[in-house]
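Visitor: Residues per chain are reported as follows:
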Amino acid sequence: MKKTLIALASLLVMGQAIAQDVVTLGASVQETGALANTGRYYRDGYNFAVAKINAKGGVKVAGKSYQLALKILDNQSDSNLSVRQYVQLLNQDKVNFLLGPFASNFALADSSVAEKFQVPMIQGGGASDQIFNRGYKYIFGTLPVASRYFESTVAMMKTLNPQPKTVAILYADDAFDVSVAEGTRQWVKQAGMKVIQDERYSTNASDFSTLISKLRSTNPDAVLVAGHETEVLNFIRQAKSLNFNPKMYSFTVGVPTEDFRHALGKDANYAFGMTSWVPSPQNKDEYFGDAKVFASAYKAKFGYDPDYHAASAVADVEAFAKAIELANSIDPKKVRDAITQLNFKSLYGNVAFNKEGQISLPQTVIQVQHDAVVDIYGQSLINKPIYPMPSWDKR
Amino acid sequence: MDLLFQVIVNGLLLGGLYALMALGLALVWGVLNIVNLAHGALIMLGGYAAYYLFTLLGIDPFLALPLVMMMLFVLGYILQRYVLSLIARSPMFNTLLITFGLDVIFMVLAQLLFTADFRTINPSYAGTHVTWFNLTFPTVQLFSFAVAMCLTVGLWLMMLHTRIGRAIRATAQNLSAARLYGVNPKQIYALTFGIGAALAGAAGDLYGVVSQITPYIGATLTAKCFAIAIIGGLENPLGVIVGGVLLALIESLTALYVGPTFVDVASFGVLVLVLIIRPQGLLGKTA
Chain D
0 MKKTLIALAS
10 LLVMGQAIAQ
20 DVVTLGASVQ
30 ETGALANTGR
40 YYRDGYNFAV
50 AKINAKGGVK
60 VAGKSYQLAL
70 KILDNQSDSN
80 LSVRQYVQLL
90 NQDKVNFLLG
100 PFASNFALAD
110 SSVAEKFQVP
120 MIQGGGASDQ
130 IFNRGYKYIF
140 GTLPVASRYF
150 ESTVAMMKTL
160 NPQPKTVAIL
170 YADDAFDVSV
180 AEGTRQWVKQ
190 AGMKVIQDER
200 YSTNASDFST
210 LISKLRSTNP
220 DAVLVAGHET
230 EVLNFIRQAK
240 SLNFNPKMYS
250 FTVGVPTEDF
260 RHALGKDANY
270 AFGMTSWVPS
280 PQNKDEYFGD
290 AKVFASAYKA
300 KFGYDPDYHA
310 ASAVADVEAF
320 AKAIELANSI
330 DPKKVRDAIT
340 QLNFKSLYGN
350 VAFNKEGQIS
360 LPQTVIQVQH
370 DAVVDIYGQS
380 LINKPIYPMP
390 SWDKR
Chain B
0 MDLLFQVIVN
10 GLLLGGLYAL
20 MALGLALVWG
30 VLNIVNLAHG
40 ALIMLGGYAA
50 YYLFTLLGID
60 PFLALPLVMM
70 MLFVLGYILQ
80 RYVLSLIARS
90 PMFNTLLITF
100 GLDVIFMVLA
110 QLLFTADFRT
120 INPSYAGTHV
130 TWFNLTFPTV
140 QLFSFAVAMC
150 LTVGLWLMML
160 HTRIGRAIRA
170 TAQNLSAARL
180 YGVNPKQIYA
190 LTFGIGAALA
200 GAAGDLYGVV
210 SQITPYIGAT
220 LTAKCFAIAI
230 IGGLENPLGV
240 IVGGVLLALI
250 ESLTALYVGP
260 TFVDVASFGV
270 LVLVLIIRPQ
280 GLLGKTA
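Residue numbers (numbering that gives the first Met the number 0), protein chains in the order written: chain D, 0 to 394; chain B, 0 to 286.
Worth flagging that the hints you see were computed from the coordinates, not collected in a lab. On a predicted model such as this, the values are computed, not experimentally measured, just so you know. Among the hints, a few may not be true.
To spell it out: a stretch of chain D is covered by chain B in this simulated footprint if at least three of its residues, at any positions, have a beta carbon under 8 Å from a beta carbon of chain B; those stretches are [claimed, not checked]:
1. 27-41
2. 199-208
3. 235-242
A partial selection of chain B residues facing chain D, derived with a Cβ cut-off under 7 Å [to be verified]:
4. Q5
5. N9
6. L13
7. L111
8. T119
9. N121
10. P122
11. H128
12. S210
13. Q211
14. S251
15. P259
16. T260
For every residue, glycine included, the Cβ atom is placed at its ideal position computed from N, Cα and C.
Produce the entire structure from the sequences given, and follow the hints as far as they go.
Guide: In C-alpha cells:
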C-alpha cells in the first residue's frame with residue numbers, strides 16, 4: 000500500500016514535471032462548416048509553426064527549454080460554440096495562451112473570453128476595428144485594420160488613366176465588412192471620387208441579380224466589394240450573365256486564393272483584390288528562413304498554396320514564442336506586457352502591435368491577369384494594371 | 000422603368016429554380032408526411048454529381064440531368080425503403096430527427112469526400128445572355144427556368160394521368176382505401192421519396208451552373224424550400240411554382256426598394272402571413 004502510494008506520488012510529480020515543460024496554445028477554429036475553407040489555413044498554419052518552433056528547440060524561459068503544444072477545437076463555423084470552446088480551453092484544458100479563430104465576428108465574441116480570463120489572445124483572423132476599439136488589453140491582431148483594406152486600392156485608382164470618377168461600394172452586414180465600408184467611404188472621398196451607390200446586403204446572400212441590375216442603371220466606373228468568398232463568386236458569375244461591365248471591380252477577399260481561380264476559370268481575369276502578404280524571399284523569418292521557403296514547404300506538406308491567412312496564423316504563433324522568451328516567464332500578464340513590446344521580422348512581415356493591439360501592414364493590390372495573380376500596387380506601382388477591363392462579350 | 004422590368008425578369012427566372020428546388024420537398028411532405036430536412040443536402044449531392052460528371056467526363060450539365068436524377072432517385076428509393084421506413088407513421092418529431100441526422104451525415108461525408116472548396120459548373124455558355132426588349136435574359140437561368148417548368152408540369156401530369164401518380168395520390172389521401180385497391184404503400188412511399196430526391200438532384204445540377212456548390216449549402220436551401228412549400232401549399236405542383244415565383248419576386252423587389260439586407264425579413268414575413276391567413280397554402284384547398 001505504502002509502495003503504491005509512493006509510486007503514485009512520484010508519477011504525479013513526474014507528470015507535473017512533464018506538464019511544466021510544455022506551453023500549450025489553445026484555439027477554436029472552423030474545421031468544418033461554412034467557413035472550413037478558410038479555417039483550414041489557421042489549423043494548418045498553427046500546426047506548421049508549432050512543429051517548426053519545436054524542431055528548433057522550442058522556447059527558452061529562465062534557461063529552460065519548453066516545447067509548444069497545440070490544442071485545437073472545431074467550432075463548426077458556429078460563433079456561439081466558439082465562445083464556449085474558448086471558455087473550455089481555459090477552464091478545463093488549462094491552456095496557457097490563446098490563438099484566434101477565423102473571421103471578425105468570431106474574434107469579436109471570443110476576445111471577450113480572453114479579456115475576462117486575462118489571458119492574452121493573438122489572433123490573425125479578425126480585422127474589424129470593432130475588435131480593437133473597446134479598450135481591451137488582452138487581444139492582439141495580425142491582420143491589417145479593416146477600415147484601411149481599400150486604402151491602397153484607392154491610391155492605385157488615382158494613378159489610373161482615365162481616372163475612375165464614380166464608385167459603388169457593396170458590403171455584407173457583418174462586423175468586418177461594415178468596418179471596411181466605413182473606411183472605404185473616407186478613402187474614396189479623400190481621393191476626390193464620388194460614391195454613387197452604397198449598398199449593404201445580407202451575409203451569405205446568393206442572389207445578386209437585383210443589385211447588379213441596379214448597378215447597371217447607375218453605371219459606376221469602379222465597384223468595390225467587401226464580402227465573403229462565396230458572395231464574391233456569385234457576384235462575378237451573375238455580373239457576367241447580366242452583362243454588367245464596370246471599368247474595374249475589386250474584392251476584399253477571394254482573389255488571392257487558388258480556389259477562386261479554379262471556381263471561376265477565365266472569368267476570374269481582371270478582378271482586383273488585395274493581400275497583406277506576398278510570399279517573397281524578402282520577408283525573412285527566424286524559424287522558416289523566408290516567406291518563399293515557407294510557401295513551398297507549406298504546399299508540400301498540406302497540398303495547397305498558403306495565402307495571407309496561413310502566414311498570419313504562423314505570425315501569431317511566432318509572436319507568442321518571441322513574447323514568452325522576452326517575458327522570460329509563462330505568466331499570462333507578463334507575456335501580455337511582452338507582446339506589446341514585440342518588434343520582429345517574420346515571414347508575414349514586421350510584427351509590432353500598436354496601442355489598440357493591431358499591427359500595421361500595407362495591403363498590396365493584386366489583379367488576376369491571364370489566369371495568374373499579379374502584384375499591382377504596394378507603396379507605388381509594381382506592375383501595370385489592366386484597366387479598363389474588357390467587357391464580357393469582348394473576352 | 001427598365002430597371003423595374005429587369006428586376007422582375009430576374010425574379011421570375013430565379014423563381015423557376017426555387018420552384019424546382021421545393022418541388023421534391025413538397026411532394027414528399029404531402030404524400031409521406033415527412034418534412035425532409037435533408038432535402039437541401041440532396042440538392043447539394045445532385046450538384047456534386049453534376050459537377051463531377053462535367054469536370055471528369057465532360058458531360059454537359061443539361062444533358063446530365065437525366066443521369067443525375069437517376070442517381071438521386073436510387074439514393075432516395077434506398078433511403079426510404081431501408082432507413083425512413085423504420086419510422087413510417089411515427090410522430091412528426093421522429094421524422095424530423097432522422098432527416099436532420101441524414102442532413103448532418105451527408106454534409107460531413109461531402110466535406111470528407113469533396114473538400115470544402117467552392118465548386119462551380121462552368122460550361123462555355125455559362126454567363127452568356129440574350130437581349131429582348133432591352134432586357135437581359137441570362138441564358139443559363141432561362142434554360143433552368145424552362146427545365147424547372149417542364150419538370151413541374153411533367154410531375155403534375157404524371158400525378159393526374161398515370162397509374163403510379165394515381166396510386167401516389169390515393170396513398171396520400173386514404174391509406175386504407177389505397178391498400179384495398181391493391182396499392183403496396185411501402186413501394187409507393189419509396190417511389191415517391193425517390194422522385195422527390197430525383198427532383199432535388201435536378202435542382203442541384205442547375206444550382207451548380209447558376210451559383211456554386213459547397214457541402215454547406217443544404218441548410219439554407221432546405222429553409223427556402225420549406226417556405227416555398229408552405230406558401231404554395233402541398234396540394235399540387237402548380238402551387239409550388241406559384242410559391243417559388245412569388246418568393247423570388249418578393250425577394251427581388253425588396254432588394255430593389257427596401258434594401259438587400261431586408262430580403263429574408265420580407266420572405267419569412269410573407270411565410271408567417273400565409274400561415275396566419277391561409278394555413279393550407281395559397282393554392283391549397285383544405286388544411
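Visitor: Decide, hint by hint, whether the structure agrees.
Guide: Now for the hints, and whether the structure bears them out:
Coverage of the stretch 27-41 of chain D by chain B holds in this model, with 6 residues showing a Cβ closer than 8 Å to a Cβ of that chain against a need of three. With a threshold of 8 Å between beta carbons, the proposed coverage of the stretch 199-208 of chain D by chain B holds, since 8 of its residues qualify and at least three are required. Counting residues of the stretch 235-242 of chain D whose C-beta lies closer than 8 Å to any C-beta of chain B gives 6; at least three are required, and the coverage claim holds. With its C-beta approaching chain D no nearer than about 5 Å, Q5/B sits inside the 7 Å limit, and its interface hint holds.
The closest approach between the C-beta of N9/B and any C-beta of chain D is roughly 4 Å, which is under the 7 Å cut-off, so the hint is satisfied. Restraint check, L13/B versus chain D: the minimum CB separation of about 6 Å is within 7 Å; hint holds. A cut of 7 Å between beta carbons decides the hint on L111/B: the least distance to chain D is about 10 Å, and the hint is violated. The interface hint given for T119/B is met, as the beta carbon of that residue sits about 5 Å from the closest beta carbon of chain D, less than 7 Å.
Look at N121/B: its Cβ gets to within about 5 Å of chain D, closer than 7 Å, so that hint holds up. Look at P122/B: its Cβ only gets to about 10 Å from chain D, farther than 7 Å, so that hint breaks. At about 5 Å, the closest approach between the beta carbon of H128/B and any beta carbon in chain D falls short of 7 Å, and the interface hint on this residue holds. Here the hint on S210/B is kept, as its CB sits about 5 Å from the closest CB of chain D, short of 7 Å.
For Q211/B, the interface hint holds, the least distance from its beta-carbon to any beta-carbon of chain D being 5 Å, beneath 7 Å. The beta carbon of S251/B is positioned within 7 Å of a beta carbon in chain D (closest approach about 5 Å), and the interface hint is therefore held. Evaluation of the P259/B hint against chain D yields a held restraint, the C-beta minimum of about 4 Å falling below 7 Å. Contact between T260/B and chain D, as hinted, is supported at the beta carbon level, the nearest pair being about 5 Å apart and thus within 7 Å.
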